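J.: Below are the chains, spelled out letter by letter.
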Amino acid sequence: EDKVVQSPLSLVVHEGDTVTLNCSYEVTNFRSLLWYKQEKKAPTFLFMLTSSGIEKKSGRLSSILDKKELFSILNITATQTGDSAVYLCAVETSGSRLTFGEGTQLTVNP
Amino acid sequence: ETGVTQTPRHLVMGMTNKKSLKCEQHLGHNAMYWYKQSAKKPLELMFVYSLEERVENNSVPSRFSPECPNSSHLFLHLHTLQPEDSALYLCASSPGTSGRVNEQYFGPGTRLTVT
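Here the protein sequences line up with chains A and B, keeping their order.
Residues 388 to 497 in the working numbering are what the first sequence spells out, letter by letter.
Residues 302 to 416 in the working numbering are what the second sequence spells out, letter by letter.
Honestly, the hints are just simulated from the structure, not real lab data.
Watch out, some of these pointers could steer you wrong.
Unchecked claim - Derived lysine-lysine pairs resembling DSS-like cross-links, with alpha carbons at most 27 Å apart:
#, chain 1, residue 1, chain 2, residue 2
1, A, K454, A, K427
2, B, K342, A, K424
3, B, K341, A, K427
4, A, K424, A, K455
Unchecked claim - From the structure, some residues in chain A lie toward chain B, with a derived Cβ separation under 10 Å:
#, residue
5, Q393
6, K428
7, F432
8, M435
9, S438
10, S439
11, I451
12, K454
13, L457
14, F458
15, R484
Since the model is a prediction, treat every value here as computed from it, not as a measurement.
Glycine included, each C-beta is placed from N, C-alpha and C at the ideal position.
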């Protein structure tokens with residue numbers, strides 16, 4: 388059974404801190420790993436990673452994938468209160484299957 | 302209207318009712334998805350449609366019946382649901398034609414409560 392585990396499950400930081408969110412996986416027929424941000428309802432797409440070692444960046448957010456060790460990290464630098472959300476990691480496998488982790492609830496306090 | 306829209310936003314139904322959830326995407330995408338999000342549980346993929354053809358069905362009970370009449374519309378027909386089916390149902394779409402997940406755009410969801 389495919390499995391995606393995120394850690395920590397929740398995290399509280401102060402504005403300006405840097406955070407690292409972790410996602411490890413055990414799946415068959417890996418295709419890609421995706422990160423989403425879910426604030427109120429609809430998750431919004433952040434990154435899609437398919438190759439090891441290539442860092443993807445978008446402003447203060449960056450992510451990298453390690454296909455050998457089967458994990459990914461999502462970094463957020465200089466956090467702001469607007470970064471407060473649940474961050475979801477998902478792994479795509481063959482047959483259009485997408486397995487999500489439980490998510491990390493990030494709270495950024497002013 | 303742009304993006305992915307879902308109606309209704311909230312739905313309360315009895316176990317013997319029949320209702321339908323509607324999703325519409327205005328992005329010109331070729332693939333559409335239904336997800337279930339329950340409290341304290343990971344998001345679960347239910348169905349995938351690519352070019353109006355179902356390409357994935359994740360062992361979902363038959364009381365959930367999807368319908369994709371064209372690439373812009375997706376329905377989820379509900380009948381004889383159970384209280385444990387109460388959840389947030391999210392629709393998403395993506396550009397891919399091969400059934401690949403790709404970058405997905407989510408709708409706001411329908412909060413379903415089964416009494």
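J.: Each hint should be assessed against the structure and marked as holding or not.
T.: Tested hints:
For the given pair, A:K454 sits about 31 Å from A:K427 by alpha-carbon distance, which is inconsistent with the 27 Å threshold. In summary, the hint linking B:K342 to A:K424 is supported, as the alpha carbons are separated by about 16 Å, within the 27 Å threshold. The hinted pair formed by B:K341 and A:K427 meets the criterion: a straight-line CA distance of about 15 Å does not exceed 27 Å. For the hint linking A:K424 to A:K455, the alpha-carbon distance of about 25 Å falls within 27 Å, and the restraint holds.
A least Cβ separation of about 9 Å between A:Q393 and chain B falls short of the 10 Å threshold, and the interface hint therefore holds. Here the hint on A:K428 is kept, as its CB sits about 5 Å from the closest CB of chain B, short of 10 Å. At a threshold of 10 Å, the smallest CB-CB gap from A:F432 to chain B is about 5 Å, leaving the interface hint in force. This hint holds: A:M435 has a C-beta 6 Å from the nearest C-beta of chain B, less than the 10 Å allowed.
Hint status for A:S438: violated, given a least beta-carbon distance of 16 Å to chain B, over 10 Å. With its C-beta approaching chain B no nearer than about 19 Å, A:S439 sits outside the 10 Å limit, and its interface hint is violated. Restraint check, A:I451 versus chain B: the minimum CB separation of about 18 Å is more than 10 Å; hint violated. A distance limit of 10 Å between C-beta atoms decides the matter here; for A:K454 the minimum to chain B is near 17 Å, and the interface restraint is violated.
The interface hint given for A:L457 is broken, as the beta carbon of that residue sits about 17 Å from the closest beta carbon of chain B, more than 10 Å. Checking A:F458 against chain B: minimum C-beta separation of about 17 Å lies over 10 Å; hint violated. Annotation: A:R484 was flagged as interfacial toward chain B, and the flag holds, the nearest CB pair being 7 Å apart, inside 10 Å.
Consistency note: the structure conflicts with the earlier hints numbered 1, 9, 10, 11, 12, 13, 14.
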